[in-house]
Every structure is written in C-alpha cells, then in structure tokens.
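There are 4 protein chains.
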Amino acid sequence: MSGRYTELKRECYEANMQLPQLDLVVYTFGNVSAVDRKEAVFAIKPSGIPYEQLKPEDIVIVDYENRRVEGAMRPSSDTKTHAFLYREWSDIGGICHTHSTYAVSWAQAQMDIPIFGTTHADHNTSDIPCAAPMADSLVAGDYEHMTGHQILDCFEQKKISYKEVEMVLIGNHGPFTWGKDPAKAVYNSRVLEEIARMAYLTLQINPNAPRLKPALIKKHYDRKHGKEAYYGQEG
Amino acid sequence: MSGRYTELKRECYEANMQLPQLDLVVYTFGNVSAVDRKEAVFAIKPSGIPYEQLKPEDIVIVDYENRRVEGAMRPSSDTKTHAFLYREWSDIGGICHTHSTYAVSWAQAQMDIPIFGTTHADHNTSDIPCAAPMADSLVAGDYEHMTGHQILDCFEQKKISYKEVEMVLIGNHGPFTWGKDPAKAVYNSRVLEEIARMAYLTLQINPNAPRLKPALIKKHYDRKHGKEAYYGQEG
Amino acid sequence: MSGRYTELKRECYEANMQLPQLDLVVYTFGNVSAVDRKEAVFAIKPSGIPYEQLKPEDIVIVDYENRRVEGAMRPSSDTKTHAFLYREWSDIGGICHTHSTYAVSWAQAQMDIPIFGTTHADHNTSDIPCAAPMADSLVAGDYEHMTGHQILDCFEQKKISYKEVEMVLIGNHGPFTWGKDPAKAVYNSRVLEEIARMAYLTLQINPNAPRLKPALIKKHYDRKHGKEAYYGQEG
Amino acid sequence: MSGRYTELKRECYEANMQLPQLDLVVYTFGNVSAVDRKEAVFAIKPSGIPYEQLKPEDIVIVDYENRRVEGAMRPSSDTKTHAFLYREWSDIGGICHTHSTYAVSWAQAQMDIPIFGTTHADHNTSDIPCAAPMADSLVAGDYEHMTGHQILDCFEQKKISYKEVEMVLIGNHGPFTWGKDPAKAVYNSRVLEEIARMAYLTLQINPNAPRLKPALIKKHYDRKHGKEAYYGQEG
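Protein sequence lines correspond, in order, to chains A, B, C and D.
Start counting the first sequence at 1; every next residue gets the next number (the UniProt record's numbering).
Start counting the second sequence at 1; every next residue gets the next number (the UniProt record's numbering).
Start counting the third sequence at 1; every next residue gets the next number (the UniProt record's numbering).
Start counting the fourth sequence at 1; every next residue gets the next number (the UniProt record's numbering).
Since the hints were made in silico from the structure, they are not lab data.
Given the structure is predicted, the values throughout are model-derived calculations rather than measurements.
Hints are supplied without guarantee of correctness; some may be wrong.
Because identical chains share one entry, a pair is satisfied inside a single copy or across any pair of copies.
[Said to hold, decoys possible] Below, computed lysine-lysine pairings styled on DSSO-like, alpha-carbon distance capped at 30 Å: (1) K163 / K218; (2) K158 / K180; (3) K227 / K158; (4) K38 / K213; (5) K158 / K55; (6) K158 / K213; (7) K55 / K227; (8) K80 / K224; (9) K163 / K180; (10) K55 / K213; (11) K38 / K218; (12) K219 / K38.
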C-alpha cells in the first residue's frame with residue numbers, strides 16, 4: 001500500500017481493529033475515523049465489512065462534504081455524522097462509534113449517565129449526556145447529517161464543553177466518542193462502556209446513590225488535566 | 001469425505017462450529033441445519049454430540065418428512081421442527097437453535113423482546129415474538145413437529161413476516177433463528193442474544209423505557225434493506 | 001506415577017482441571033472426587049492447592065471413614081461431606097463442589113432455583129433444592145460431616161430422588177453436584193451454573209414468571225432419560 | 001537490571017502484571033506496591049503507564065515520606081495512600097488498588113458489603129466496610145494522604161482489625177486491599193471482586209437475604225485461620 005493517505009489509513013485501521021479486541025463490537029457494529037486537518041479529509045471504515053476481513057487498504061478517504069476522495073469502497077453509513085463533527089469541532093482528531101452493550105442500554109433508556117465516582121470524574125466533569133431522539137421530520141431527511149446536529153444541540157443546551165466531556169449517547173441508538181486522535185477516541189469508548197456498566201450496577205445496589213460531590217469532581221479533573229496535574233508522566 | 005452431500009455437510013458443520021466460538025452454546029445445547037432446495041433435503045447436527053468432538057462426516061442428511069437419507073448417526077432431537085419450517089417457509093436456507101443465556105431468559109419470562117433501539121431495528125421491524133407454551137395435549141403428541149406449528153401460528157397471529165423478522169422465542173424453551181443460509185441463521189442467533197441482553201439492561205435502568213418510534217424503525221430497516229439501501233457494499 | 005490408584009487419581013485430576021477451564025472456580029475454590037466402589041476408597045483434590053499447580057500425583061486417596069489411604073497431602077477440607085455421600089448414595093461415582101458465582105448467589109439468597117424452562121427440565125424433574133443452614137450446635141461439631149447430613153435431610157424432606165436431581169445448594173455456602181462419574185459431576189456443576197444464571201435473569205425480566213408445566217417437565221425428562229428416549233446416540 | 005532493589009521491583013512488577021490477567025483493571029486503572037521493611041522503602045507502579053508497556057525497571061522506589069529513592073518515573077498518584085498505610089500498619093507487606101467493576105459499584109453505592117456466605121467468611125470476619133466520602137476541606141488539601149486517614153478512621157470507628165479484614169471500599173472511589181505480601185494483596189482484590197459480585201446478585205434474588213450466622217462466621221474463620229486450622233497444607 002502506498003500513496004498520499006497511507007499513514008492516515010493505517011492509523012484509522014489500527015484504531016478500528018482495537019474495537020473487537022476491547023469487546024466493544026460484534027460483526028460490523030462500529031466505526032472509527034481519523035482526520036488529517038491539513039488536507040481537510042478523514043479516513044473511515046468502509047460500510048458493512050466485518051473486522052476480521054478489514055485490511056488497511058479498505059479504509060476510505062472522505063472530505064468534510066462527504067465526498068469520497070480515495071478508496072474503492074463505500075464509507076460507513078455514519079460518515080455524515082463524522083464529517084459534521086469534524087467541521088464543527090476543530091480540535092478533535094478522531095471519532096469512534098460503537099454499539100457497546102451498556103452504553104447502548106443507557107441510550108435506549110434515554111437517560112444521562114450520572115457521575116457516581118472517581119472513575120467517571122477522572123474522564124469527565126459532568127454526567128454523560130444522552131441526546132433526545134430526533135423529530136420524525138428530521139429522521140426522514142438527511143438522517144446521519146442530522147445526528148451530528150443532534151449531538152451539537154445537546155452539548156449546547158446542556159452547556160457542556162466537548163473538550164471536557166468527550167462522549168455522548170444518542171437516544172435509542174448508542175455512543176459516539178472523540179479525542180485528540182483516533183486511539184484516544186477508542187480509549188474513550190472503552191472507558192464509557194465501563195462507566196456505563198458501573199453506573200448501572202450502582203443504581204441496582206442503591207437506587208438512591210448520590211452523585212459525586214463537586215469538590216471531588218474538581219479534584220479528580222485537576223489531578224489529571226489541571227495546571228498542576230500530577231497524574232501520569234511529565235512531558 | 002466424498003459423496004453427494006459433501007458440500008452441504010461442510011456448510012452445516014462450519015455453521016455449527018460457530019456456535020461455541022460465539023459463546024452461544026455449552027456442551028450440546030444447540031444445532032444448525034442447512035437445506036438443499038433442489039434435492040429437498042437438509043443437513044443437521046447429530047443428537048447429543050459435543051461440539052469439540054463433531055466432525056463434518058457426522059452431519060446427518062434428512063428429508064422434509066424426517067427420514068434419514070445419509071449418515072450413521074441419529075439427527076438432532078429438534079429435527080422435526082427444522083423439517084416443518086423448511087416445508088412451510090420456502091425462502092429460508094438455514095435454521096439455528098441455541099439455549100443462549102439472555103434469549104432463553106426472555107423465553108422463560110414468556111415475554112416478547114421490545115424494540116428499544118437501532119441495534120434491534122437494523123435487523124427487525126417489530127418486537128421479537130415469544131410463542132406461547134404449547135397445550136398439554138400437543139406436548140404429549142408429536143412434540144417437535146408441533147414446535148414448528150407453534151412458531152408458524154405465532155407469526156400468523158401477530159401478523160409478522162418471517163422475511164422481516166428472522167427470529168423467534170419459544171416460551172419456556174429458547175430461540176430459533178433462520179436466514180438465507182446457515183451462516184445467516186447463526187449470525188441472527190448472535191444478534192438476537194445481544195438484542196436480548198440490551199433490552200434486559202434497558203428495562204433495569206428504566207422500567208418505562210419507550211419503544212422506538214415508527215419513523216426510526218422504518219429508517220433503519222430501509223437503510224439496510226429498502227430500495228435505496230446504503231448500508232454495506234453494493235452488488 | 002505408578003501404583004494401585006493411578007487410574008483413579010488421573011480421572012480425579014482431569015475432572016478437577018475442568019473446573020478452571022469451565023470458569024467455575026478461582027484459586028482453590030472447589031474440589032472434585034472420584035470413587036472406586038470395589039476398593040471402597042475415593043480420590044480427592046488436596047486442600048488449598050491452586051489448580052495451576054495441581055499434579056495427578058498430588059491427588060489423595062481416602063476411605064469412607066475419612067482415613068487417608070495414599071498420598072502425602074492433606075485432602076480437601078470438604079472430604080467428610082464427600083465420604084458421607086458416597087456411603088449413603090451407592091449409585092454415584094463422582095462428586096463436585098464449587099463456589100461458582102450464580103449458584104452461590106442463590107445459596108446465599110437461601111432459595112430453591114425454580115424450574116422455569118426446558119434447559120432446567122432436560123436435567124432435573126424439580127426445582128433445585130437449597131438446604132437450610134445448619135443449626136449452630138451442628139456447626140460447632142463435625143461440620144463437614146454434618147453437611148452431608150444436611151444434603152440427605154433436604155432430599156428426604158422434599159421427597160426428591162438423588163438420581164433425578166443430581167445437584168443441591170447448601171444455604172449460605174454453595175453447590176454440590178454428583179453423577180455416575182466425576183466428569184458427569186463436573187458437567188452438572190456447569191449446567192447448574194447456567195440454570196442458576198438463567199433463573200436469575202428470568203425473574204429480573206418477569207418477577208411473576210410461571211414454573212414450567214408438569215407436561216413439559218415430563219416430556220423433556222422422558223426425551224432424554226425415559227424408556228423411549230430419543231435424545232443422543234443409541235447404545 | 002541490577003541494583004539494591006532489584007528483587008523488590010521484580011516482586012512488585014509481577015504482582016502488578018497479575019491485575020490485567022485477573023480482569024481487575026483496564027488501561028492504567030490500578031497499582032500494587034511491595035514494601036521492604038528493613039530498608040523502610042516500598043516499590044510501586046509508575047503513574048499512568050499501561051500494563052502492556054510496564055517493565056520491571058520502570059517500578060519506582062519510594063520511602064514512607066513519599067520521597068523517590070530510585071527510579072526515573074513519577075510514582076502512582078496514589079503513592080501517599082500506600083505510604084500512609086505502610087507507616088500505620090506495620091504488619092502488612094503489600095497493597096493493591098484497582099477500579100474493579102463490582103467493588104467500585106458498591107463503593108459508588110456507599111454501602112458496606114454484607115457478609116452473606118462462606119466465600120466471604122473464608123476471608124473476612126465482618127461486612128467489608130465502605131469508608132464515607134471525605135469532607136470537602138480535606139479533598140482540597142493533601143488528598144491522597146487523607147485517603148489513608150479515611151481508611152484508618154473507618155477501621156477504628158467500626159472496630160475492625162486490619163489483620164482480620166484485609167480489604168476496604170473508599171466511598172465514591174473503589175477498593176484498597178493489603179496482605180502479608182503483594183501477591184496476597186492482589187489475591188484479596190480478586191476475592192473482593194467475586195464477593196462483591198455475589199453479594200450484588202444475592203440481593204437481586206432476595207432483597208431480604210439474611211447475613212451469615214455468627215456460628216458460621218466463626219467456624220469458617222477458624223477452619224482457615226484458627227489454632228486448629230485444617231484448611232490447606234501444613235507447615
């Protein structure tokens with residue numbers, strides 16, 4: 001494989017192949033994309049190809065207007081949602097969509113995932129929002145494009161920053177996550193699945209479990225992301 | 001191994017061997033069959049043989065009247081159910097039966113699996129029906145033959161097409177699935193298990209979770225199966 | 001390894017090694033024994049040895065009065081329960097004890113596992129009984145011996161035959177299973193764990209789920225164990 | 001690798017590498033330390049390094065005042081909690097912290113794990129305590145140091161001995177466990193996760209499940225740890 005987007009395709013391919021290894025997908029139920037900001041294109045999984053058959057050269061290159069730039073295959077049916085988010089959120093480098101079990105179950109329940117503990121607070125400063133299902137008129141129109149709108153509207157209404165909360169549930173559907181690169185987007189999908197599972201179990205054990213206190217939310221965010229962060233290695 | 005049905009046996013064998021790999025069976029708790037419409041026979045797993053011991057040549061060939069056509073072993077105890085469905089539904093090419101955990105649990109609860117999200121709607125246009133348990137008089141008679149009737153009656157009463165919903169739960173027992181070939185029937189069993197698990201979790205999180213809106217059911221079905229389907233690759 | 005009980009030890013060892021492979025134990029939480037009726041001794045796992053370290057020659061040979069006949073190690077702390085059951089139930093050839101998750105949870109809930117479906121009925125003709133916790137005076141005495149009594153009393157009070165139901169829960173503790181040989185005892189432990197999990201899920205989905213009808217219990221038992229059984233291969 | 005603390009680092013490394021193998025951590029969500037009482041230092045995992053990248057020489061050596069004695073990397077962000085416990089509890093040789101699913105869920109529910117059965121009683125003489133969340137003023141201060149205080153205060157208030165109960169939940173956060181060496185601390189984390197899962201399931205099956213009787217708690221503790229202990233091998 002050679003060509004202009006070889007490295008971008010490989011990065012996208014490797015992030016996609018993490019999904020079955022992390023038990024986040026069965027069959028074709030997911031997709032990851034990787035953006036090249038300079039070229040204003042992104043690489044994305046082709047539609048309906050099982051992970052065990054996927055090869056780096058199958059990855060499709062698409063621009064922000066959803067036009068195929070390179071690749072023989074049809075891109076993921078969710079491509080327009082990815083394009084929309086890359087256009088709107090200029091700081092993200094990768095997007096991941098799965099149908100992972102616990103995240104989907106919260107999305108089907110149409111509920112935000114409450115912030116119950118430090119596992120959640122190490123990664124987000126608020127509940128993980130669940131975007132309300134789309135109006136029928138929009139479903140009938142440019143559905144996947146409108147899914148991008150749905151995410152944007154949800155973050156605006158709830159006054160959440162996509163830089164502090166890198167994950168969302170689409171009501172009735174499932175999760176989208178993002179990050180500085182596709183590997184981080186996949187990491188966020190795995191973390192979201194664990195947070196979703198823990199929050200489910202917490203409520204089964206104690207239906208009145210309280211949310212984490214603001215002081216602890218701030219502490220755990222600052223510990224990892226604040227000016228004097230001391231989690232991880234320097235540099 | 002050579003002979004008239006070698007290819008059919010191998011297809012049936014490979015579909016059966018998927019079941020333990022997909023965590024859908026333990027020991028002998030499942031069976032897959034593959035039909036040859038031209039020859040009017042089907043290949044099916046022998047009864048009571050653990051998957052780790054199964055060999056392609058063990059597969060039994062049976063006609064629609066349940067007569068063994070080829071093979072030294074006794075066919076699956078569920079053979080008459082398979083025969084009945086092949087006779088009644090001329091468009092199906094494979095059938096799969098398992099005792100997978102979540103699908104069986106819904107069958108034991110004697111409840112249809114509600115259509116809560118797009119994972120479900122990508123594969124079915126309605127709730128997954130649970131056929132009511134059989135009358136005692138029928139149990140005492142030709143039980144496995146009547147199980148076929150039970151499925152057919154259920155689809156007729158609920159006005160569901162077996163082409164749109166390729167899965168059913170038998171009350172108190174477990175799931176049967178089918179498809180254009182045995183691999184698709186197995187795929188449907190795996191998808192059903194995931195849908196059953198997600199629906200269970202959804203109701204635990206929100207006992208009042210609403211069904212998916214008709215507009216979204218239609219959209220997701222059309223996206224994959226409609227005239228202008230755009231999911232997957234062309235051709 | 002050579003000697004009088006070499007074959008018995010190997011059979012016992014192999015059955016024990018199935019437990020971690022079937023995800024029924026962590027660390028040392030289980031034990032299997034195998035009886036030699038002619039010699040009136042049984043082979044059992046040594047106490048407190050992790051499965052990954054266990055070797056065939058570590059297996060201990062004990063008689064029905066709990067006296068060590070061969071072997072350098074101390075036998076399982078549950079040895080007296082095994083001895084009691086071998087003495088009382090002359091038709092069994094192997095016994096298995098685990099702390100498998102779902103079976104233990106029902107034992108801790110101190111509830112019989114209701115017969116909800118055919119997976120259960122293919123193996124048992126009634127609910128799986130949970131023996132009530134022991135009186136304090138007995139706990140303080142010969143505890144593991146009394147555990148055998150506890151099982152026997154439970155089956156007598158509930159009028160269940162140990163030949164039709166090869167599994168029991170000890171309230172607050174966990175499951176014991178048995179069978180014609182140690183491999184069947186282990187098989188029954190794996191089946192019990194699955195039945196326990198399905199029954200738990202069934203009640204979560206539908207707290208009013210009805211028990212299986214007597215006609216279906218009889219049908220599934222006869223299909224596998226009756227005079228005209230047609231499940232499995234002949235001979 | 002050579003040097004004064006080579007053996008201590010290796011012991012710490014091996015205990016850390018058990019965590020992903022036992023399914024107790026994803027990514028970097030855990031850490032194990034090993035103490036050298038003579039040298040008054042302990043070895044601990046570096047902060048934010050994924051397990052698949054961890055090497056023995058990455059392990060950091062720290063003294064009880066949290067000063068780095070050897071190693072190029074920054075030690076775990078939980079180091080001060082470990083140091084505090086080593087200072088206060090002179091009999092422990094290793095400490096383990098994870099975000100394992102069921103233990104975290106009980107911690108988020110802010111509830112002690114009730115002693116429901118012998119699996120629990122084989123390892124602890126009481127409920128597993130959940131320390132109440134920290135006051136906001138302490139969170140803002142020396143947080144990880146105060147987490148050590150939080151554990152100590154919890155054990156003092158509930159009059160529990162850290163020698164009989166080698167595990168604790170930090171409310172809203174997750175579990176810490178300890179033991180005579182780091183391998184035992186990891187063992188306790190695995191056992192805690194199983195106890196937490198069983199207790200959760202027990203309450204789902206029977207919300208009124210009774211605690212284990214004192215006579216059985218005593219019997220199972222003495223059987224393993226009493227003067228006349230007969231569990232395991234002698235010597």
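Hint by hint, here is what the structure shows:
For a Cα distance limit of 30 Å, the shortest separation of K163 from K218 inside one copy, 15 Å, qualifies, whereas the shortest one across copies, 35 Å, does not. Within a single copy, K158 and K180 get their C-alpha atoms as close as 22 Å, which meets the 30 Å cut-off; across copies the closest is 46 Å, which misses it. In this assembly of identical chains, the alpha carbons of K227 and K158 lie at most 30 Å apart only when taken from the same copy (25 Å versus 38 Å across copies). For the homomeric pair K38 and K213, neither the shortest alpha-carbon distance inside one copy (42 Å) nor that between copies (41 Å) is at most 30 Å.
For the homomeric pair K158 and K55, neither the shortest alpha-carbon distance inside one copy (39 Å) nor that between copies (43 Å) is at most 30 Å. Both within a single protomer and between protomers do K158 and K213 lie at most 30 Å apart by alpha-carbon distance, with minima of 19 Å and 24 Å respectively. With identical chains, the CA atoms of K55 and K227 are at most 30 Å apart between copies only, with a shortest distance of 29 Å across copies and 41 Å within one. Taking the shortest Cα distances, K80 and K224 sit within 30 Å of each other only across copies (16 Å), while inside one copy they are farther apart (33 Å).
In this assembly of identical chains, the alpha carbons of K163 and K180 lie at most 30 Å apart only when taken from the same copy (9 Å versus 44 Å across copies). With identical chains, the CA atoms of K55 and K213 are never at most 30 Å apart, being 46 Å at best within one copy and 37 Å at best between copies. In the homo-oligomer, the alpha carbons of K38 and K218 never lie at most 30 Å apart, since the shortest distance is 35 Å inside one protomer and 39 Å across protomers. Taking the closest pair of Cα atoms, K219 and K38 never come within 30 Å of each other, the shortest separation being 36 Å inside a single copy and 35 Å across copies.
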